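This is what each chain is made of:
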Amino acid sequence: MKRKFAVLTVLGALLALAVPASSMAGIYPASSQFEIAGGSTPPTVGTTLGSCPVTKVTGTTPASPANESSGSFPVTLTFGTCTSGTSITLTSSWSLTYPSVTNSYGVNMQGLGALRYSSLPGCKLSGTFILWGIWSNGLVTPKAMKSGYHADSYNTLTWADDGASCALSGKKETVRWSQQTVIGGPSGYPTSSQVNNLTTPAAPILVTP
Amino acid sequence: MRLRNAPAALLVAVFMVTAMAGCGDGHGSTSAQTKAAPANEELPNEETDGRARAAGRRACDGLTPIEAAERYRRGARRAGATKVFVAAVAEPDTATETSPGYPRLVAALFATTVSPRDQSEAAAGCAEELAASIKGGGTASARKR
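Those protein sequences? They're chains V and X, same order as listed.
Per my numbering, the very first residue in the first sequence carries number 1; after that it's consecutive.
Per my numbering, the very first residue in the second sequence carries number 1; after that it's consecutive.
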């Protein structure tokens, strides 16, 4: 009996070593339509010259068994009213990658796009937007709680001529993806958006690192 | 374990569920399309735009682009402009400073110091003055008088 137990233990350990770490990551439940609802303080993407809020992100988690490993899937971003004179154009499909970094609760959304400002005609800020955020898993027991999402990252885009000579053409600009009560001010605190499972409302959308 | 104050606990639970239900913004298109920004406080009108543009001209009247950049850099930083952006405008490299678009860039820096609703027109007014100062034909305001 003891020998059988020892053999099983060794076999279990070998199995654990053989399973790649990435197969532990995933997003659940599979095949679930969800939305990241911006709420009263939605995440915003922008620069010194202006920003645009993302009021909703929608997508469908991958079908089983693809959802049981790290990966990415298409999402759609819906923008609210940008700050005066600011416009944003998305020029490719966008995707959400989970987790964004191994062994983390981060996810990132990325795709091509451009920001334009009427205070700076002749210039556009374009390239690959990489918007990282933290996924806060909800619960089923002991209390039902939905998952949350908090935006917090920087990446750089490149200025380019846009119908005229842009003085910053070729230069990089930091684009902020943030979610807090005071934008650009000296004080504020972070907020988050609720993640709604539209397929099975009672089941939170979970990201495992 | 029994709750001592069940009605109060029930009220708290109802409040939490209501709060968690969320109140989605509901604005915007239903797909990832271009989203242009209208003036979101009030609709612009000719009078308002005219005043903003005139204010922009006055703010940059008689200044060269580099002088205007230096004058408004602190105000821009106080308004939340990043250090890097301000430096790119106020301490430009040769390519930036000699670009035909440099007056517009400086005007955009100045515009960060005014209210969002007026930024476009204020920038346009300032850019007119700065461009005129480069051409050496006097300021745009002086020619209009």
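The set of hints was computed from the structure by calculation and includes no laboratory data.
The model shown is predicted, which means the values in this text are computed figures rather than measured ones.
Don't take each hint at face value.
[Stated by the list, open to error] To give a feel for the contact side, a few chain X residues facing chain V, derived at Cβ under 10 Å:
| id | residue |
| --- | --- |
| 1 | Thr64 |
| 2 | Asp93 |
| 3 | Ala124 |
| 4 | Ala131 |
| 5 | Ile134 |
Glycine included, each C-beta is placed from N, C-alpha and C at the ideal position.
Tested hints:
Hint on Thr64/X is violated. Least Cβ distance to chain V is approximately 14 Å, over the 10 Å limit. A least Cβ separation of about 9 Å between Asp93/X and chain V falls short of the 10 Å threshold, and the interface hint therefore holds. Taken as an interface hint, Ala124/X checks out: its beta carbon lies about 8 Å from the nearest beta carbon of chain V, inside 10 Å. With 10 Å as the threshold, the beta carbon of Ala131/X stays out of range of chain V, its nearest partner Cβ sitting at about 12 Å, so the hint is violated.
For Ile134/X, the interface hint is violated, since its Cβ never comes within 10 Å of a Cβ in chain V; the closest pair sits about 12 Å apart.
The structure shown violates the earlier hints numbered 1, 4, 5.
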